[in-house]
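Student: Chains as they are written, first to last, in my numbering: chain U, 1 to 492; chain B, 1 to 252.
Hints may be right or wrong, so weigh each one.
[Claimed, not checked] Residues from chain B shown here face chain U by an in silico Cβ test under 10 Å; the list is partial:
hint : residue
1    : 100
2    : 126
3    : 216
4    : 227
5    : 239
6    : 242
[As the list claims (entries may be wrong)] Facing chain U, a subset of chain B residues (Cβ under 7 Å, in silico):
hint : residue
7    : 98
8    : 107
9    : 134
10   : 176
11   : 180
These aren't lab readings, by the way, just hints derived from the structure by calculation.
The beta carbon of each residue, even a glycine, is placed where N, CA and C say it ideally should be.
What follows is each chain in one-letter form.
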Amino acid sequence: MNGLQLQKTLEEKLIILSDAAKYDVACTSSGVDRAGKEGFLGNSCAAGICHSFAADGRCISLLKILMTNHCTYDCKYCKNRRSNDIPRATFTPDEICALTVEFYKRNYIEGLFLSSGILGTPDNTMEKICEALRLLRTKYRFNGYIHVKAIPGASQELLYSAGLLADRISINMELPTMQSLSTLAPNKSMAGILRPMNQISETIADHRLAIGKDARMERAGINRHLMNSIFGPDTDRISSKKSEQEKLSLLTASNALSVPAERIDRDLKRPFAPAGQSTQMIIGASGETDLELIKTTQSLYRSFDLKRVFYSGYIPLNEDSALPSLDTPVPLLREHRLYQADWLLRFYGFHAEELLSEETPFFNDKIDPKCDWAVHHLDRFPVEVNKASYDELLRVPGIGPTGVKRIMQARRYGSVTFEMLKQMRITLKRAQYFITCNGKMLNRIPIEEKFITGQLTMLEAPERAQITESGNSMTQLNLFTDFHLTQMAAHG
Amino acid sequence: MTIYSCAPNWEAMLTCIYIARMSGIGHKNLQLMVEPLEQISFLDDYIHVEPDSALAEKVIEAITRKISPGFYASLAYCSAAYEPETLDTIYRVMLLGFAYGPQALDMLQYREVMRFQQISRRVGREICGFREFTRFHSMPGGAYIAHIEPKSRIVTALAPHFSDRMPSEHWMIADDIHREVIVHPKDSPFFLWNPTEEEFSDLLVSEAANDDYTDLWRAFFDSIAIKERANARCQRNLFPEWMRKHAVEFIH
């Protein structure tokens with residue numbers, strides 16, 4: 001038994017617990033601008049800062065770790081489920097703090113992302129998470145970014161404490177329907193996820209109102225110019241429909257979380273989750289359509305004012321009859337299309353219903369959702385770049401919010417030409433089918449759905465190939481190994 | 001064509017702008033360049049300009065008073081760029097600023113304004129890149145030092161960010177290409193230091209000083225990647241290889 005090792009080294013723990021945390025998608029450090037202060041370590045930048053990019057191309061912005069990968073739950077899709085025989089480890093609060101502070105000083109990370117398996121009960125786990133965060137904020141005087149996972153089922157006081165200590169708080173929805181949640185995560189319930197999500201959302205709104213801000217989170221500046229955006233005045237958010245009197249009474253509303261000790265601690269006088277709340281959904285583990293996913297996303301943005309919804313292409317880790325088989329490729333292209341659609345909701349003024357319908361519940365894998373929408377609405381094109389509104393320009397494939405801002409800026413002092421658009425980094429190879437400059441198109445081309453679809457499909461082919469090939473262990477065919485020519489060559 | 005050339009620092013550039021503006025030979029007949037000159041033509045006349053703080057201040061005053069302080073800040077920001085036509089572009093944009101006021105920066109119909117904005121954006125991306133990828137090494141005595149090799153002179157633009165991030169630490173950022181060092185003593189303002197060759201070679205040794213946390217970071221960097229999603233091309237796009245020279249996770 002000389003191989004028996006009771007105490008794991010810090011490096012072993014870090015490897016186990018970062019490996020266990022890597023399936024959590026969120027690694028953003030955005031949403032809050034906070035200046036540094038003397039005697040403390042760290043600041044925060046609203047745009048977020050990525051500090052490295054891992055071999056899978058995903059950004060590393062935060063020290064993404066689990067506090068423990070011991071778990072009493074047995075969610076079928078999860079690597080850390082109780083029934084899996086894997087190495088287990090638990091960080092002490094001081095280890096978490098030391099790693100965060102030392103990595104931060106070397107500019108490796110922008111802050112901490114702390115999640116955890118369920119250690120005994122949700123309350124016990126959340127209490128230990130809060131203990132680590134409290135130590136980091138007080139003893140280690142850390143002023144950088146913290147993203148904390150709220151454990152569904154934890155008490156309100158603990159969730160409130162976590163929100164005050166962290167910048168962003170998130171609860172993973174994992175599966176968008178009640179049915180798939182009960183099949184794949186029998187220990188979780190939709191109500192158990194949505195209730196704390198709503199409470200956190202209301203508490204964020206209360207805190208924002210109390211300091212004189214709008215109850216709703218700030219959104220990308222371009223949304224100010226879009227009247228029909230999903231973040232517009234007719235949002236479903238409960239707080240926005242209330243009168244001023246009712247808004248004031250929200251501070252004591254039963255929907256918000258109960259107040260814990262942190263609220264009256266002067267050293268921890270912090271806003272509640274200033275960077276808002278986010279969630280994540282697994283793609284491809286259950287039978288949801290893209291329409292269901294994107295509609296759920298839209299309602300999460302509108303009802304709970306979530307700052308982000310992340311998608312995680314399902315990676316087969318466990319063998320189970322309720323799950324796709326182990327050789328199922330990761331649905332990278334589907335995940336990519338959903339992110340494109342998510343961007344269309346948040347920055348381009350699109351609604352979920354415009355992108356997909358009951359008849360076509362999945363995104364076109366040949367062309368991106370914006371191009372797909374444009375070729376089906378050719379009656380709206382071509383638009384005149386020198387006269388079109390923000391809304392019209394943003395719906396042109398190849399033109400994004402930055403491009404629109406540059407066009408609007410240049411239009412104030414003269415007309416815009418194709419040459420200028422090229423220098424503004426507008427993707428003319430996509431946009432040319434949908435725009436005119438001073439009444440003329442770039443080339444004399446037919447505005448026909450089939451022709452334009454064919455052109456756009458050809459343009460996207462290399463990008464599509466890159467996404468589908470990456471990670472799916474596709475390799476170039478080798479004449480000798482794949483066709484067994486080595487033996488033939490040896491035999492002469 | 002008369003070419004006015006100067007050393008690659010802001011004071012010399014402003015002096016060069018002053019001399020060119022007052023030369024009276026016509027803006028179309030002159031060009032401004034930063035030394036070293038890459039290609040010298042026998043058809044052009046070359047005039048070297050030495051930095052003069054009095055003349056430079058006159059230019060600053062004229063720009064801030066007649067155009068705007070914001071306009072001056074935009075010109076100074078762009079001056080960090082390595083592109084050979086940077087100084088000439090700044091000069092042409094300044095002339096447009098005198099003609100039209102601060103809104104000249106939005107007049108993308110002028111080629112020089114468009115080019116100016118392109119260069120400024122590229123400098124911005126480079127600053128942003130090094131804000132992300134600068135790596136500090138722990139030194140004996142509790143100080144931290146980082147080495148970078150940027151294309152543009154951006155070390156002074158990086159300093160405010162790190163000063164805000166780590167106000168109560170001793171740290172230095174050394175630009176190995178342009179031989180400029182930012183020094184930040186604990187709880188004090190930072191300053192720019194131009195070390196001698198000997199002093200700089202002493203600084204270079206510091207990078208070998210790796211500690212346990214460097215190894216822990218490498219272990220984290222390897223374990224956080226999902227092998228089923230490996231995508232080296234995406235990684236290269238987002239973290240270009242020329243920026244990785246001092247990123248410890250790529251140095252084994």
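Student: Quick one, is the residue 242 of chain B hint okay against chain U at 10 Å, beta carbons?
Tutor: For residue 242 of chain B, the interface hint is violated, since the closest Cβ of chain U sits about 14 Å away, which is over 10 Å.
Student: Answer holds if the nearest beta-carbon of chain U is closer than 10 Å to that of residue 126 of chain B; otherwise answer violated.
Tutor: With a minimum Cβ separation of about 15 Å from chain U (threshold 10 Å), the hint on residue 126 of chain B is violated.
Student: Given residue 227 of chain B was flagged as interface, is its beta-carbon under 10 Å from a beta-carbon of chain U?
Tutor: Since the shortest Cβ distance to chain U is 8 Å, the answer is holds.
Student: Tell me if residue 107 of chain B is really an interface residue toward chain U, meaning its C-beta lies closer than 7 Å to one of theirs.
Tutor: For residue 107 of chain B, the interface hint holds, since the closest Cβ of chain U sits about 5 Å away, which is under 7 Å.
Student: Mind checking the CB of residue 239 of chain B against every CB in chain U and telling me if the closest is under 10 Å?
Tutor: At about 4 Å, which falls below the 10 Å cut-off, the nearest Cβ of chain U leaves the hint on residue 239 of chain B intact, so it holds.
Student: Identify whether the interface hint at residue 180 of chain B stands, where standing means a beta carbon of chain U within less than 7 Å of its own.
Tutor: Result: violated, 18 Å to nearest chain U Cβ.
Student: How about residue 176 of chain B: closest beta carbon in chain U under 7 Å, or not?
Tutor: violated, 17 Å
Student: Holds or violated: is the Cβ of residue 134 of chain B closer than 7 Å to a Cβ in chain U?
Tutor: holds, 5 Å
Student: Does residue 98 of chain B pass the interface check with chain U, least Cβ-Cβ distance below 7 Å?
Tutor: The hint is violated - residue 98 of chain B has no Cβ within 7 Å of chain U, the shortest such distance being about 16 Å.
Student: Regarding the hint that residue 100 of chain B lies at the interface with chain U, is the smallest CB-CB distance below 10 Å?
Tutor: holds, 9 Å
Student: Under 10 Å is the threshold here; is the Cβ of residue 216 of chain B close enough to any Cβ of chain U for the hint to stand?
Tutor: Status holds, d = 6 Å.
Hints 2, 6, 7, 10, 11, counting from the list given before, are not met by this structure.
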